[in-house]
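Student: Chain order of the listed sequences is A and B. Okay, so the first sequence: first residue is 1 according to UniProt numbering, each after it adds one. Okay, so the second sequence: first residue is 1 according to UniProt numbering, each after it adds one.
Keep in mind that the hints are not guaranteed to be accurate.
Within a straight-line C-alpha distance of at most 27 Å, the following computed DSSO-like cross-link-like pairs (lysine-lysine) qualify [unchecked claim]:
hint, chain 1, residue 1, chain 2, residue 2
1, B, Lys-198, B, Lys-175
2, A, Lys-126, B, Lys-85
3, B, Lys-23, A, Lys-123
4, B, Lys-20, A, Lys-123
5, B, Lys-23, A, Lys-126
6, B, Lys-314, B, Lys-508
7, B, Lys-9, B, Lys-243
8, B, Lys-175, B, Lys-9
9, B, Lys-85, A, Lys-123
10, B, Lys-20, A, Lys-126
11, B, Lys-177, B, Lys-206
12, B, Lys-85, B, Lys-130
13, B, Lys-365, B, Lys-402
14, B, Lys-130, B, Lys-177
15, B, Lys-9, B, Lys-23
Don't read these hints as lab results, they were simulated from the structure. As the structure is a prediction and not an experimental result, all values here were calculated from the model.
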Amino acid sequence: MLGYFIRRLLAAIPVMLVVALSVFLLLRLSPGDPATIIAGEMADAEQVNNIRTALGLNEPLHTQFFIWIGNLLQGDFGTSLISQTSVMSMISQRLEPTISLALAAITLTVLISVPLGVIAAWKQGKWIDNLVMSTSVVGFSVPVFVIGYILIQVFAIELKWLPVQGYRSIDDGIGEFITRLILPAMTLSSVYIALIARMTRASMLEVLGEDYIRTARAKGLGQRIVLFRHALRNAAVPILTVVGAGFALMVSGVVVTETVFNIPGLGRLIVDAVLSRDYPVIQALILLTAGLYVVINLLIDLSYAITDPRIRY
Amino acid sequence: MSTENPVLKVDSLVVETDAKDPKQILKGISFEIQPGETLCLVGESGSGKSVSSLTTMGLLPEGALRAAGGRILLDGEDLLQASPKRISELRGSRMAMIFQEPMTALNPVLTVGRQLDEVLACHTSEPAAKRREIVLDALEQVHLPDIERMYDSYPHQLSGGQRQRIMIAMALLLKPKLLIADEPTTALDVTTQHQILKLIRELQEKHGTAVLFITHDMGVVADIAHRVCVMHFGVIVEQGEVKQILSNPQKQYTRDLLSAVPSLTPREPRPQRGPRLVLDVAELVKEYAPKRGLLSWIKKPKPGTKAVNNISFKLYEGRTLGIVGESGSGKSTLARCVMRLIDPTDGVIRVDGQQISGLTAVGLKPHRHRIQMIFQDPYRSLNPRRTVGDSLIEGPMNYGAKRETALGRAAELLQLVGLPADAINRFPHQFSGGQRQRIAIARALAMEPDVIVADEAVSALDVSVQAQVLGLLDDIQERLGIAVLFITHDLRVAAQICDDVLVMQRGKVVEYGPANDVLGNPTAEYTRQLIEVAPGRSWDFANFSPAG
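Given only the sequences and the hints, what does the whole structure look like? Please build it.
Tutor: Spelled out as C-alpha cells, the structure:
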C-alpha cells in the first residue's frame with residue numbers, strides 16, 4: 001500500500017511537468033499580450049516594447065520557461081504582471097472561500113444524493129423513484145445561476161432566513177461562516193446531487209440483483225441493513241469515482257456560483273487573470289488545479305481499497 | 001408416511017407470473033417434510049423446483065412472480081398469510097437456506113465473521129462476546145480449519161468448498177427446523193461435493209433438521225434423499241421413498257429421467273478408425289509468472305505456477321480423448337493452449353503433422369480451421385446480436401468462401417445437428433440451451449476441422465438434453481471421422497463418450513490410457529478417489545437397480 005502510494009506520487013511528477021509545459025506554451029501561443037493591456041490604449045509600440053522587456057517577455061521562450069520552472073522549484077510562483085503582488089499570496093487569500101464552498105457543497109451532495117439514489121433503487125419503478133429521477137433531470141438542466149437566483153429570492157429576500165451574498169472567513173465566527181455558505185453550497189451542489197443520485201441508483205440496481213443480497217434477505221435481515229450495509233458498500237466504487245471527480249470539478253468550476261454570491265474565491269481570480277493575460281497567475285492556478293486532480297484521484301483509488309477488501313495495491 | 005406433525009407442509013401451491021395475463025409456474029403442488037427427513041425436489045431446468053423453495057422463503061422476485069393460491073405451513077403457520085415482518089423473523093431462525101453458488105452467495109466486502117454475527121444480532125439479544133463464541137462454535141461444527149482466522153477472513157480469500165461450509169454454518173446458526181438447500185453442491189468439485197453432502201447429513205442427524213434438497217443430479221438424490229418428488233413443468237409427477245422411485249418408477253417421465261443418467265461403467269471399446277494422427281501434444285507446459293513485488297529486480301525470482309506441467313498425448317482420427325479433472329487441475333488451460341488461444345510456455349503441438357506451437361498469429365491462420373472449439377456455456381458463447389446464419393458463415397468467409405456457398409453449407413449443417421433449416425435467420429435467444437449447443441457444434445463443423453475441442457460442452461445442460469447432445473457428437477464423429485478432445489469434470493459423461501481418458505491433477509497427468517482401464521480399473525490413487533466420491537456410485541440408474 002505504502003509502496004503504491006509512493007509510486008503514484010512519483011508518477012505525478014512527469015504529469016505535472018507536462019501540464020506546466022502545455023500551460024506555458026498555450027498561453028504564449030494564444031492571442032493577446034499582457035504588455036499591451038498594462039500600457040493602456042494610448043501607448044505606442046516603443047512603450048509596449050519597454051514594458052515587455054521589463055517583464056522579461058522578450059526573452060526566448062525556452063529561457064522564459066526555465067526561469068519560471070526554476071523559480072517554481074524554489075517555491076516561488078512569481079509576481080502578478082498586473083498587480084505586482086506575489087502570486088502565492090493572491091492564491092492563498094482566495095483559497096479558503098473556494099475550498100470551504102467546495103467542501104460544503106460536496107458534503108451536502110453526498111448527504112442528499114446517496115440516500116435518494118438508494119431509495120430510488122429500492123423502490124424502482126414506484127412513484128418515489130420516478131420523483132427522484134425526474135427531479136434530477138431538472139437538476140441537470142437548469143443553469144446554475146438560475147438556481148442561485150431562485151434560492152436567493154426565496155430564502156434571502158422573501159423568507160429572510162439567510163443573507164443574500166458575501167463571504168465571511170471561518171475566523172470571523174462559525175455561525176456567520178455557515179449561514180453565508182448554505183445558499184452557495186446548495187446552488188453549486190444541485191447538478192452533482194442530480195448526477196450522483198442517478199449514479200447511486202444505477203449502481204445499486206446492479207448490486208441488488210446479486211446473490212449475496214438474496215442471502216442477506218434469507219438471513220432475515222431488515223431492509224435498512226440489506227440496503228446500506230450489504231448493498232451500498234458494494235455499489236460504492238463507481239459512486240466514489242464520481243464524488244471525487246465532482247469535487248475536483250467544483251474547485252475549478254465555481255466561477256458562476258462565486259459570481260452570483262459575490263464570493264472572493266479562486267474562480268473569479270482565474271477569470272480576472274485570463275482577461276488581463278496575467279501569465280504567472282494563470283499558470284500557477286492551472287498547476288494548482290492539476291495537482292489537486294492528481295491528489296484527489298490518488299485518494300479515490302486508495303478509498304477503493306478501504307471499501308472493497310478485494311482491491312489491494 | 002408417519003403421523004408426526006410435518007415441519008413443512010406445502011398444500012396445492014400455485015405460483016404464477018405477475019402479469020396481466022399470468023402464466024402458471026407451479027400448478028398446485030403439494031408435499032410435506034417430517035423432522036429429520038430429507039426430501040429431494042428433483043427435476044430439469046424450468047420444472048419449478050427452485051421457485052418452490054423461493055416461495056417458501058418469501059424470496060420470489062418482486063414484480064415477476066407471485067403466489068396465487070394454496071398454503072405453505074411451517075410448523076402449522078401459513079407463510080403466505082404472514083406479514084413481511086413475520087417472514088423476516090422466521091428467515092434465518094426457523095427456516096434457512098443455502099444456495100447454489102458459494103462464490104457469489106457471500107457478501108464480498110464484509111468479513112465472514114461479521115456476516116455470521118449479523119444473523120445472531122438480528123434474531124437474538126446475545127451480547128457481542130457471546131455471539132462471537134456461538135459463531136466460532138458454528139465454524140468448528142462445519143469442520144473449518146483455523147477458525148479464528150476464518151472469522152476475520154473475507155470470502156474471496158476462501159475456496160468454494162470453504163465458502164459453502166460457511167453458508168451451512170450460517171444457515172444452521174440458530175438451529176432452524178427447516179433447511180432449504182438449492183443445488184448446494186452443483187458448483188463444487190466431486191470431492192468437495194462429497195464432503196458437503198456428508199456434512200449436511202451429519203448436522204441434520206445431530207439437530208433433527210428437516211431438509212428440502214433441490215437438485216437435478218440423480219446421483220446426489222440416490223446418496224442423500226429419504227423421499228423424492230419428481231417435478232416437471234410445475235407439477236409433481238411422482239413422489240415416494242427414494243428406493244421405490246429409483247427401482248420402480250411409475251411414471252414415464254421419471255423413467256426417462258433416470259435412463260438419461262450416464263452410467264459410470266465405461267462403454268464398450270470402439271475399434272481404431274484409422275492410422276492418421278490428428279493431434280499430437282508433447283511435453284506441453286504453461287507457466288504463469290509469479291506476481292512481481294516492488295523489489296523484484298534485486299530479489300531472486302520466485303518459481304511460477306505451472307498450470308499445465310509436461311503433458312503429452314496423442315489423438316487419432318475418429319477417436320475421443322477425455323481430459324478429466326477437478327477445477328484447478330489445468331484441464332481448461334490445456335484446452336486453451338492446444339487451441340492456441342493462449343500461448344504455451346514450452347512443448348510441441350502438432351495438428352495433422354503440422355507443428356502449431358511456435359507459430360505467430362499470421363503463421364497460425366492457415367491452420368486454425370483444423371481445430372475448432374465448443375464452449376461450456378451456450379448462453380454466452382453465441383453473439384446475441386447476430387443471426388445463427390451469420391455466426392455460422394463468419395468462419396468459412398474468413399477463409400475465402402462465398403457468402404452464398406457458406407449459407408448453403410450452414411443450412412446443411414443445421415440439418416445435420418437436428419435443427420430446422422429456418423433456424424438460420426433466427427437469433428440465439430430464440431433457442432433453448434440444448435439447441436444453442438447444437439448451433440455451437442454446427443459452427444465448429446462449418447470449418448471442417450480435424451479436431452474438435454469440447455470444453456465442458458454438456459455441463460450446463462439437463463441430463464436428457466445432455467444425452468441428446470452427446471448422442472449427436474457421437475453420430476457426427478461416426479459420419480465425419482472427426483477427433484474430439486473432450487474436457488470434463490464429470491466421470492459419468494467421460495465413461496460414456498471417451499475412448500481414452502487422461503486424468504489431470506494440479507497440472508500433471510495422473511493416469512492416461514484406454515477409458516476401460518482408467519475408469520474401470522484405475523491404478524492411480526487419485527483416480528480411485530475420484531470414482532469413489534462420484535455421487536450415486538452404488539446405483540445403476542438406467543437399469544433401475546443397484547450397481548453390480
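Student: Next, verify each hint and record whether it holds.
Tutor: Do the hints match the structure? See the list:
Annotation: proposed proximity of Lys-198(B) to Lys-175(B) holds, straight-line Cα distance about 18 Å (limit 27 Å). Using a Cα cut-off of 27 Å, the hinted pair Lys-126(A) and Lys-85(B) holds, with the two alpha carbons roughly 21 Å apart. With a C-alpha separation of about 25 Å, the suggested pairing of Lys-23(B) with Lys-123(A) holds against the 27 Å cut-off. Under the criterion of a C-alpha separation no larger than 27 Å, the hint pairing Lys-20(B) with Lys-123(A) is consistent with the structure, at around 21 Å.
Proximity of Lys-23(B) to Lys-126(A) is assessed by CA-CA distance (about 24 Å); at most 27 Å being required, the pair is judged to hold. Proximity of Lys-314(B) to Lys-508(B) is assessed by CA-CA distance (about 16 Å); at most 27 Å being required, the pair is judged to hold. With a CA separation close to 22 Å, the supplied pair Lys-9(B) and Lys-243(B) stays within the 27 Å bound. Proposed proximity of Lys-175(B) and Lys-9(B) is supported: the alpha carbons are some 19 Å apart, at most 27 Å.
Between the alpha carbons of Lys-85(B) and Lys-123(A) the distance comes to roughly 18 Å, so the proposed pair stays at or under 27 Å and holds. For the hint linking Lys-20(B) to Lys-126(A), the alpha-carbon distance of about 18 Å falls within 27 Å, and the restraint holds. Taken as a hint, the Lys-177(B) and Lys-206(B) pair is honoured in the structure, with Cα atoms around 12 Å apart against an allowance of 27 Å. Between Lys-85(B) and Lys-130(B) the CA atoms are separated by roughly 26 Å; this keeps the pair inside 27 Å, and the hint holds.
For the hint pairing Lys-365(B) with Lys-402(B), the CA-to-CA distance comes to about 18 Å; that is within 27 Å, so the pair holds. With a CA separation close to 22 Å, the supplied pair Lys-130(B) and Lys-177(B) stays within the 27 Å bound. Restraint check for Lys-9(B) and Lys-23(B): satisfied, since their Cα atoms lie roughly 24 Å apart, inside the 27 Å limit.
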